[in-house]
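Trainee: Sequence:
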Amino acid sequence: MPELPEVENTRRYLEEIGLPGRTFSSVSIGWARSVREPALEDFVLGIPNRRVLEIRRRGKYLVLPLTENDFEPAADLILHLGMTGGLRVHPRSQPAPPMVRHTFSLEDGRELRFIDPRKFGHLWLVPDWEDALPTFGPEPLDDSFTSQALAKILNARHAPIKALLLEQSVVAGLGNLYADEALFLAGIHPIRPADSLSGDEVSKLRDGIVAALTTALHHYDQSRVEGWPDPPFGLSTWTIPRRADEPCPRCGASMVGIRVRARSTFFCPDCQPRE
DNA sequence: AGTACGTCCTGATCGC
DNA sequence: TGCGATCAGGACGTAC
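My numbering applies: residue 393 is where the first sequence begins, and numbers increase by one.
No wet-lab data here; the hints were simulated from the structure. Some hints here could point you the wrong way.
Stated by the list, open to error - Pairs of lysine to aspartate or glutamate, EDC-like flavour, derived with a Cα cap of 16 Å:
# : residue 1 : residue 2
1 : 544       : 593
2 : 544       : 531
3 : 544       : 587
4 : 544       : 592
Let's have the full structure, built from the sequences with the hints guiding it.
Mentor: And the structure:
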């Protein structure tokens with residue numbers, strides 16, 4: 393699933409293939425419900441003749457400031473990949489892969505293709521992205537993501553720590569897989585109430601989050617992939633097994649699978665004790 | 001306000 | 001072997 397490392401990998405891919413500086417000529421929306429804002433006809437009218445200034449990321453969202461005069465941002469195009477979304481830039485002559493839901497044509501003869509089998513991805517075209525999206529928690533790869541900042545948030549909440557790690561208002565960019573990975577690296581049981589974590593545990597959790605994300609990013613940087621959904625999604629080379637009864641990579645005990653907030657959750661009962 | 005759960009989607013996998 | 005049922009989960013709406 394596209395989480396922070398997959399979205400960041402996509403961002404770097406779009407930079408490397410030279411999307412910044414390119415101008416859209418048109419857009420084709422193949423699934424109208426993907427467009428969150430504005431109305432579909434206004435979205436389609438707002439794309440042509442606008443140039444991509446840069447490609448930014450906030451949590452799992454990609455933000456593309458667009459301009460008409462090369463300097464002043466005229467609007468922000470926001471892309472969210474949902475669960476199965478991916479972006480590709482191909483020559484228009486190249487056959488489109490399956491499940492392309494939206495196509496942004498570029499003036500250089502290429503197309504930005506939004507692949508999204510399950511249609512959970514979303515698009516916005518707004519004056520200012522910060523006004524269109526809800527409040528985010530800290531960006532976990534920024535210097536501001538300290539254990540003190542994390543503790544302040546977690547100490548005020550009693551829900552299972554796993555559930556809170558999935559909330560973008562707690563930490564921006566974590567999803568189900570990296571939340572499990574971070575808890576494993578920190579040695580913390582996923583259903584521990586957030587406000588029961590000691591300062592030392594919160595510190596280990598912060599480090600686990602950073603380690604899980606940076607390890608994945610390093611993996612993607614070693615060999616840039618076009619991003620989810622398309623193999624290689626190489627997590628199997630380093631992540632904890634997401635299947636019950638498989639051996640814990642650290643101690644060999646059988647991994648346990650439970651559900652937290654209707655999300656599949658895997659942990660090692662020996663490395664992540666309940667108490 | 002904090003917490004919990006249903007909903008949207010469809011391809012892959014499970015189970016009888 | 002075949003086919004219907006279940007699973008997967010990011011974010012939001014609704015309910016308590």
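Trainee: For every hint, state whether the structure bears it out.
Mentor: Hints versus structure:
At roughly 13 Å between alpha-carbon atoms, residue 544 and residue 593 fall within 16 Å of each other, so this suggested pair holds. Under the criterion of a C-alpha separation no larger than 16 Å, the hint pairing residue 544 with residue 531 is consistent with the structure, at around 15 Å. Of the pairs offered as hints, the one joining residue 544 and residue 587 holds, with about 10 Å between alpha carbons and a cut-off of 16 Å not exceeded. A hinted pair counts as satisfied when its Cα atoms are at most 16 Å apart, and residue 544 with residue 592 qualifies at roughly 13 Å.
Against the hints set out earlier in the document, no violation occurs for any number.
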